[in-house]
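*Asks:* Here are the chains, one letter per residue:
2 protein chains.
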Amino acid sequence: MQQFYMPVRVVEGAGCVRAAATLIAPLGKCALIVTGRSSKKNGSLDDVVAALEGNGQRYAVFDEVLPNPTIACVRAGAARAKEAGADFVIAIGGGSPMDAAKAIALLARQDIADADLFAGRYSPDVLPMVHIPTTAGTGSEVTQYSILTDDVAESKTSIATPYIFPRLALLDGGYMASLGHNTTVNTAIDALSHAVEGMLSVKAGEVSDLLAKESISIICSLAKKIAADRLAPVDRQKLLYASMLAGMVIANTGTTAVHAMGYSLTYYHEIDHGRANGLLLGAFVAFCAQHLPERTDAILQAGSFESPAAFSQMLADLLGQREALTDAEMKKYAAKAIAAKNIANCAYQPTEAELYQMLKISLEEK
Amino acid sequence: MQQFYMPVRVVEGAGCVRAAATLIAPLGKCALIVTGRSSKKNGSLDDVVAALEGNGQRYAVFDEVLPNPTIACVRAGAARAKEAGADFVIAIGGGSPMDAAKAIALLARQDIADADLFAGRYSPDVLPMVHIPTTAGTGSEVTQYSILTDDVAESKTSIATPYIFPRLALLDGGYMASLGHNTTVNTAIDALSHAVEGMLSVKAGEVSDLLAKESISIICSLAKKIAADRLAPVDRQKLLYASMLAGMVIANTGTTAVHAMGYSLTYYHEIDHGRANGLLLGAFVAFCAQHLPERTDAILQAGSFESPAAFSQMLADLLGQREALTDAEMKKYAAKAIAAKNIANCAYQPTEAELYQMLKISLEEK
Chain A
1 MQQFYMPVRV
11 VEGAGCVRAA
21 ATLIAPLGKC
31 ALIVTGRSSK
41 KNGSLDDVVA
51 ALEGNGQRYA
61 VFDEVLPNPT
71 IACVRAGAAR
81 AKEAGADFVI
91 AIGGGSPMDA
101 AKAIALLARQ
111 DIADADLFAG
121 RYSPDVLPMV
131 HIPTTAGTGS
141 EVTQYSILTD
151 DVAESKTSIA
161 TPYIFPRLAL
171 LDGGYMASLG
181 HNTTVNTAID
191 ALSHAVEGML
201 SVKAGEVSDL
211 LAKESISIIC
221 SLAKKIAADR
231 LAPVDRQKLL
241 YASMLAGMVI
251 ANTGTTAVHA
261 MGYSLTYYHE
271 IDHGRANGLL
281 LGAFVAFCAQ
291 HLPERTDAIL
301 QAGSFESPAA
311 FSQMLADLLG
321 QREALTDAEM
331 KKYAAKAIAA
341 KNIANCAYQP
351 TEAELYQMLK
361 ISLEEK
Chain B
1 MQQFYMPVRV
11 VEGAGCVRAA
21 ATLIAPLGKC
31 ALIVTGRSSK
41 KNGSLDDVVA
51 ALEGNGQRYA
61 VFDEVLPNPT
71 IACVRAGAAR
81 AKEAGADFVI
91 AIGGGSPMDA
101 AKAIALLARQ
111 DIADADLFAG
121 RYSPDVLPMV
131 HIPTTAGTGS
141 EVTQYSILTD
151 DVAESKTSIA
161 TPYIFPRLAL
171 LDGGYMASLG
181 HNTTVNTAID
191 ALSHAVEGML
201 SVKAGEVSDL
211 LAKESISIIC
221 SLAKKIAADR
231 LAPVDRQKLL
241 YASMLAGMVI
251 ANTGTTAVHA
261 MGYSLTYYHE
271 IDHGRANGLL
281 LGAFVAFCAQ
291 HLPERTDAIL
301 QAGSFESPAA
311 FSQMLADLLG
321 QREALTDAEM
331 KKYAAKAIAA
341 KNIANCAYQP
351 TEAELYQMLK
361 ISLEEK
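Here the protein sequences line up with chains A and B, keeping their order. Numbered per our numbering, the first sequence finishes at 366, counting up by one with no gaps. Numbered per our numbering, the second sequence finishes at 366, counting up by one with no gaps.
To be clear, the hints were calculated from the coordinates, so they are not data collected in a lab. A hint or two may mislead.
Note: identical chains are not told apart, hence a pair may lie in one copy or across any two.
Said to hold, decoys possible - The calculated lysine to aspartate or glutamate pairs, modelled on DMTMM-like cross-linking and capped at a C-alpha distance of 25 Å, are: (1) Lys203 to Asp317; (2) Lys29 to Asp87; (3) Lys203 to Glu352; (4) Lys225 to Glu206.
The model shown is predicted, which means the values in this text are computed figures rather than measured ones.
Between the sequences and the hints, there should be enough to build the whole structure, so can you do that?
*Replies:* What follows is the structure in structure tokens.
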């Protein structure tokens, strides 16, 4: 038995935020715009404000979301939402503002203690949301996940509930025109990792595979342009589409061992989330090639690679010099990862020793 | 600007109705099961009853849906729903029961006069629905359309509103094991027509095209087995998947000139809906090849055809002897079709004279 569910309305194309104003109008009287310090400086905030003003909707701005948002951050955002009387939320940014916005929309309506925040008991009473991605990576605009930094677990943990699917995702690649090279690379790798991991998940299905293969095909066909920092506007829109598809994939499949290990690289070494996934992805695909040859072949075929080694080489070209860890660190992260729920989600589950081997292959040794 | 929206949760696989019982449980206390005289005789009704009884949910059965359901039929169903105190609906069958169930779920909660039924003003208050297709054709399990026979318009007309998307679609190809040959052929052609027309719609988008191409690829790869009546159970499940994908396509794109003309063949000559589409589809693709070569090429490539003629030949092999119409009838149906909203939906809009030409090519002359 397989399932597919994707309740988010997706609107795509240049100028789509202003053009979709009529879809924003029914959501409420006052928006809380959730964004980061810089992710709104690309015309996106102007477009949102124009749409809201045209609709006669009020708004307040919460622009204090930092990368890898914490519980304290989303509590501050929820307080701002209540204070402003916001009855819907508009998220503008990469994964951090988009994920934070979901938790804010939840906490603005429900009192949940820190200890219960990741426990999975939520009511459907959540502010409706519009998500506007300004990077092509996380796919958060079409998922039911809010990934937050959890200092108790010393990792990233997710709020996962269908109640936090955005109502509307507005995808305008124009907002990425001046995105920095590193961010472009890391987010593209993040999206690729979602599509690939989705096909290696125990929950992979026909629809999710179809979307994943299209996403892999698009991202890999643009890999050389990404590495050379030569993306045309049409390529930016394609990447945004591919990352959205990969988001639809993980909304249905979840992620796997790559994310389980990657969270430690981000938590303890401040390695960007997408890059952390990319460092580990080649080793995971090579590992799966031994146990799930059909699935791995489908991934390689979608990206036009002849072997897992060719796939890893493409990633190596994007990643450059790899970070160095001590052997003790790698042991620790393998031990943390094996306990993560993403491991049970792998179509072929690695052992702790195998995770340790993947970390050894993926990183330099200090 | 393009949009994609598909809020139906799709569950697929052998035994999925009983396996998905937990997804049916939250929908209500008493189901109205809407079905036809025969479409439940394949194990589907037993599975639904077992799931409901396991959940402790009551049910009533309305099995009076005939092919091409009328307004009177859905009013009778709505009355039955009220009488039984049904708070949700389960549809079992092909397009007729599934489409009727949507109108019943609407009319059980809203008083709408016949004259206003197709006028597009509905409230969101509709009974939640579960759709269980027993043919692989209509895709109604994932659309917001309820197509009814409208004796005032002397045609088929649709209730179209996002409020009538089913909550849940349960796809078990096992229910089609003993489906008659004609029904198998006609419904497969219907699904193919949806996927092809979706790619020739003014609303075609990246996601709908991706789903349409996959659907075309699957159906055309099975065309010889369909014609020879040699479908294995795995092929039945694939066809059901393909027709569901094609339903997701038309939910986003609507249909085109083929449906606009086909409705007259069904209304005046009782030609099965899928067959009516199939009779016209080859001529429409050949027409579009002159004006939209890129889109047509993508369709032909998805189905592995070298030319529009090869595509038409595959349809001819499935259709056999074509029905004969008088010249006056063809003129009349072209005139009726040009006024239909499906024409404005064509990426390249044919004139009335061109519709008449397509009818002439598609049918024998009496």
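*Asks:* Evaluate each hint against the coordinates.
*Replies:* Hints and how they fare:
1. Lys203 to Asp317: neither (30 Å within a copy, 39 Å between copies)
2. Lys29 to Asp87: within (7 Å within a copy, 32 Å between copies)
3. Lys203 to Glu352: The answer is within: 22 Å in one copy meets 25 Å, while 49 Å across copies does not.
4. Lys225 to Glu206: between (30 Å within a copy, 22 Å between copies)
In the structure shown, a violation is registered for the earlier hint numbered 1 alone.
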